[in-house]
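Visitor: Sequence:
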Amino acid sequence: MELAHDGPLAIPLWINGRACLTVGNQLFDVVNPVTGVAQHRVPLCGAEESAQALAAARDAAAIWTGLGLSGRQDKLAQLATALEGYSGHFAKLLMADRGVAQADAEAEVVAAVQVLRADKLGQSGVLGLVVGAERPLLAAAKVAPALLAGATVVIKPSPKAPSAAFALCELASRCEFPAGVLNVLHGDGPAIEGLCTAGADALLFAGEDGLRGPVAELAARHATHFVVLN
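For the sequence shown, my numbering begins at 1191 and goes up steadily by one.
Calculated from the structure, these hints are not laboratory results. Wrong hints could be hidden among the right ones.
Label pairs and their computed distance ranges (CB to CB) [said to hold, decoys possible]:
#1 Asn1222 with Gly1278: 16 to 22 angstroms
#2 Gly1275 with Asn1420: 25 to 31 angstroms
#3 Asn1222 with Asp1249: 35 to 41 angstroms
#4 Ala1267 with Ala1410: 35 to 41 angstroms
#5 Gly1261 with Pro1223: 38 to 44 angstroms
#6 Pro1223 with His1279: 19 to 25 angstroms
#7 Gln1292 with Ala1252: 39 to 45 angstroms
#8 Asp1249 with Val1224: 36 to 42 angstroms
#9 Val1224 with Tyr1276: 20 to 26 angstroms
#10 Gly1379 with Asp1264: 24 to 30 angstroms
#11 Val1300 with Glu1360: 32 to 38 angstroms
#12 Val1418 with Gly1379: 16 to 22 angstroms
As the structure is a computational prediction, the values presented were derived from the model and not from experiment. The beta carbon of each residue, even a glycine, is placed where N, CA and C say it ideally should be.
Please model the entire structure based on the sequences and the hints provided.
Guide: Next comes the structure, spelled out in C-alpha cells:
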C-alpha cells in the first residue's frame, strides 16, 4: 500500500501479478461503519484500468488452462491452506472494513476456505466478478469454481470493503498462481461498465440483492452474459 497525498493509505489495484496505483483517479474513503474512521482509500477506476486488468486476465488464460484440471485444483488447495494460515489477518481486514464482530469475521474466513476447497466447476472464459460489501471475502472466494474451470478473472470489490479481495489476490500470487489469473480493479459503475466494453466473456455477481439489479442492467446494456453466484 502507498500513502495517498492527503489522507489514509491507498489500496492499489492488483493487475498481472503485482500491485499498481493509478494516477489522477478520484479516491474513495473506506470508512469503518462502527467507528466512522477512514481506514483506507481506493481509486475509482474507469474504462482504461478495466481494459488493462481484463487484458492481463486474457493473456494469462492459456497458461492457466494449460495447467489442467488437477493443476488448477492443486493451486486452489494451496490458496485455501494459505488463507487458513492467515485467518487472523483476514478477519482483522473484515473487521476494519465492515465493523463486524470478530466471531463473524472469523466465520467468514472459514466459509471462504471451504469454498476454495470445493470441487465444483463454474463459468469458464475471461470474466469479471462484481463483489458486494457484505461478506466480501466469501463473495470473492466464490470465484473458485470458475478458476477451477479454467477461467481467469478480474475481481471488482465494493469500494466500501475492498481489503479482503486485494489480500486474497496477493496471497494467490504468493501461492505462485500465474500472473494475471486473478486481478483486482477498484471502483463502481464506470469500472463495471469498463469490464463489459473491454470484452469480458461474462460478468459474475456475488453480493447483496439491492446491488444485483443495477449490475445486471449494466451487463445487459452491453450484451454481456450475467451470472449470479449462489
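Visitor: Compare the structure with each hint and give your call.
Guide: Evaluation of the provided hints:
1. Asn1222 with Gly1278: 16 to 22 angstroms: holds (18 angstroms)
2. Gly1275 with Asn1420: 25 to 31 angstroms: Check passed, 27 angstroms falls within 25 to 31 angstroms.
3. Asn1222 with Asp1249: 35 to 41 angstroms: holds (37 angstroms)
4. Ala1267 with Ala1410: 35 to 41 angstroms: holds (36 angstroms)
5. Gly1261 with Pro1223: 38 to 44 angstroms: holds (41 angstroms)
6. Pro1223 with His1279: 19 to 25 angstroms: Taking Cβ atoms as reference, Pro1223 and His1279 lie about 21 angstroms apart, which means the hint holds.
7. Gln1292 with Ala1252: 39 to 45 angstroms: For Gln1292 and Ala1252 the Cβ distance comes to about 42 angstroms; the hint holds.
8. Asp1249 with Val1224: 36 to 42 angstroms: holds (41 angstroms)
9. Val1224 with Tyr1276: 20 to 26 angstroms: Given a distance of about 23 angstroms, which is inside 20 to 26 angstroms, the answer is holds.
10. Gly1379 with Asp1264: 24 to 30 angstroms: The hinted range 24 to 30 angstroms is violated for Gly1379 and Asp1264, with Cβ atoms some 37 angstroms apart.
11. Val1300 with Glu1360: 32 to 38 angstroms: violated (20 angstroms)
12. Val1418 with Gly1379: 16 to 22 angstroms: Distance hint for Val1418, Gly1379 holds at roughly 18 angstroms.
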